[in-house]
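**Q** Listed below, chain by chain, are the residues.
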Amino acid sequence: MSQMLKTIRDTAAQAFEAQGLPTTRDEDWKYTDLSRVSALLGEQWWQPVEKSAMETAGFAIPDLDAYTLLFVNGHFDAEASELPEAISITSLAALIQDEPEKAVELIEYQADAPLSSGVVAANSALATDGACICVPDNLKLDKPLYIQHLNSGGTTHMRTGISMGKCSEIQIIEHFSGDHSEAGLTNMVTAIRLQDGSSCEHYRLQMEAAKQCHLGRLEISQQRDSSYTLHATELGGMLSRVDVVSRLQEQGASCELNGLFVASNRQHIDHHTRIDHNAPHCVSRENYRSVLDGRSHGVFNGKIVVAEGAVKTDSAQSNANLLLSKHAEIDTKPELEIFNDNVKCAHGVTVGQLDKNQLFYLKTRGISEEEAKQMLTFAFADEILAKMSNPSVRRYVEQAAFAKLPNIADLEGLLA
Amino acid sequence: MIKIENLHASIDGKAILKGINLEIGAGEVHAIMGPNGSGKSTLSNVIAGRDGYEVTKGSITYKDKDLLEMNPEERAWEGVFLAFQYPVEIPGVNNTYLLKAGVNAKRKHQGLEELDAIDFLKIVREKAKLVELDQSFLSRGVNEGFSGGEKKRNEIFQMAVLEPSLALLDETDSGLDIDALRIVANGVNHLRSEDRSVVMVTHYQRLLDYIKPDFVHVLADGKILKSGGKNLALELEERGYDWVREEAAA
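Same order as they appear, the protein sequences are chains D and C. Here my numbering is used: the first residue of the first sequence is 1, the next is one more, and so on. Here my numbering is used: the first residue of the second sequence is 1, the next is one more, and so on.
Treat the hints loosely; a few may be bogus.
What the hints assert, rightly or not - Below, computed lysine to aspartate or glutamate pairings styled on DMTMM-like, alpha-carbon distance capped at 25 Å:
no., chain 1, residue 1, chain 2, residue 2
1, D, LYS356, C, GLU69
2, C, LYS108, C, GLU132
3, C, LYS223, C, GLU89
4, D, LYS387, C, GLU144
5, C, LYS65, D, GLU369
6, D, LYS373, C, GLU114
What the hints assert, rightly or not - Derived Cβ-Cβ restraints for the label pairs, each shown as a range:
no., chain 1, residue 1, chain 2, residue 2, range
7, C, GLU113, D, LYS326, 52 to 58 Å
8, C, GLY240, D, VAL311, 57 to 63 Å
9, D, GLY294, C, GLU54, 29 to 35 Å
10, C, HIS190, D, GLY294, 46 to 52 Å
11, D, LYS326, C, ASP51, 23 to 29 Å
12, C, ASP51, D, VAL311, 46 to 52 Å
What the hints assert, rightly or not - Examples of chain C residues toward chain D, derived with CB under 8 Å:
no., residue
13, ALA15
14, GLY19
15, ALA48
16, ARG50
17, MET70
18, GLU73
19, TRP77
20, LEU82
21, VAL93
22, LEU98
23, ALA101
24, LYS106
25, GLN110
None of these hints come from the bench; they were simulated from the model. Glycine included, every Cβ here is placed at the ideal spot set by N, Cα and C.
Between the sequences and the hints, there should be enough to build the whole structure, so can you do that?
**A** Following this line, the structure appears as structure tokens:
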């Protein structure tokens, strides 16, 4: 290991040791209790699992025509992957081995970054693998890039960096799943840098096994006229916390964050998002919805910071939540910090049950109460999934999401 | 078809209907007219089974069954249809899917086989023509982004597909321009038949120029004060409602 890489790792390890995991006394972690992670995985919860094999068939999104990167328990599986030739992709493990100066760039830990915490420090110190993806200028990748993460228990720390060249275009699908009954932890940091005029549609599908904890961080940095769209769906795991930090650094950049939580039993799902409008004429759209059943708990915190010079900012945020059970809980908080007057910022939050008028309307058409409720729940959630441009991904997520809802019988028709 | 006897209903403890008596035979078209706040919409909502209305006295017998015992979907299966005064927008549930689910639920209730997608689509296309509804509306979310007139046409289209025995049109004409009114009325007239009864709740005599009723009733202060033929509507248009009230009080 190069000296520089070692220094970075050591610094991060020290930062992690000093900070430990965030606690509920920390304002940003008020509702998400990470002591559950150590309770599940033991005192040495942060130690990554060794490279190990698992049955990988049956987890991939069906009918998806894409290039693939497969990670099994936090390690890149080159043989099972199919990389595009047009763009450069190197695994983090290979970088550490062969190009440590690039690895340094990828795993560097910034203690003062927004929503930074011991979790990110641990990731910097321990990340075993991930991908370094560089899309050259003016290239539109002809197929989506499907990054599949399979877990079968234990802890993984991974880091992926995506650098979008000028006016390049890509569709990326990050998919986390597994069906093991062991406790596990995914700690995933993804950084995406978009240069002038580039565009990235990013699917982040969290469908982990029932006992998995999932900690994610997304850092997006956007230059002039670039556009970024996120479709984040949270379906699996027992505890999931994802921080999304998006920086609109130059004029004309736009980002759209779409999120859907579908939770049941005792699932806990928390997204903290932060959008920094640092330049004029930038646009941000944020749409989060949750459908919470059982004793599940959702947390949404959406912070939007508009800098002094970011005139003509156009920002809209909405968070709507549907509670299907009286024991389900949502904590939602929009936070706007605006430092100039020449902006358009809208935000709205709703928490509720199904609309009585809609229910009655459906019933007068002969739809039973139970079915009417399912249709309305489906429709509520599907408004977020309808924003996905990839039909295979959309259908796959719809089926997975609605399989979680009670008794959706004839789904096919509704999907048409 | 339906017999309403001494029906009293209230909302939040406030009495709205104060003894309605009304009998509608198969194939008949009845118009219920009356001033604002007279209880017209309450009557259609009680018949369709909306929550929040408490029936305090009286009965509704529909096809020899106690209608008030049934929940709204059972009423729909038995052939009751309410065209809403304010049709509800349901984004994400497409029009055709809703109707297919509705039709098949009803068929299941009647012990009939469910319609397959192709047969169903054929019916739907044909009925859409009846109210001059563009095919593109079929795959859109229910009433989502429809204009006022399109929503009302969609109600009549749904009625055509669901083929009810008793259709309640709750102020279907309000907010329609003449052309839209003509289309809607034309749709309803096509659906008139010997075994289908229609109740039109309306504020305006104008509708009755297009759909000729067999009977006209004046509903005011929660009661039917006067009943008559088509000519009663014309008289109401000319003289207003006060004379009916005075006559009833006398």
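**Q** Taking the hints in turn, state whether each one holds.
**A** For each hint, the structure was consulted:
no. : hint                             : verdict
1   : LYS356/D to GLU69/C              : holds, 20 Å
2   : LYS108/C to GLU132/C             : violated, 29 Å
3   : LYS223/C to GLU89/C              : violated, 32 Å
4   : LYS387/D to GLU144/C             : holds, 17 Å
5   : LYS65/C to GLU369/D              : holds, 21 Å
6   : LYS373/D to GLU114/C             : holds, 21 Å
7   : GLU113/C to LYS326/D: 52 to 58 Å : violated, 40 Å
8   : GLY240/C to VAL311/D: 57 to 63 Å : holds, 59 Å
9   : GLY294/D to GLU54/C: 29 to 35 Å  : holds, 33 Å
10  : HIS190/C to GLY294/D: 46 to 52 Å : holds, 49 Å
11  : LYS326/D to ASP51/C: 23 to 29 Å  : violated, 19 Å
12  : ASP51/C to VAL311/D: 46 to 52 Å  : holds, 50 Å
13  : ALA15                            : violated, 22 Å
14  : GLY19                            : violated, 25 Å
15  : ALA48                            : holds, 5 Å
16  : ARG50                            : holds, 6 Å
17  : MET70                            : violated, 11 Å
18  : GLU73                            : holds, 5 Å
19  : TRP77                            : holds, 6 Å
20  : LEU82                            : holds, 5 Å
21  : VAL93                            : holds, 5 Å
22  : LEU98                            : holds, 6 Å
23  : ALA101                           : holds, 6 Å
24  : LYS106                           : holds, 5 Å
25  : GLN110                           : violated, 11 Å
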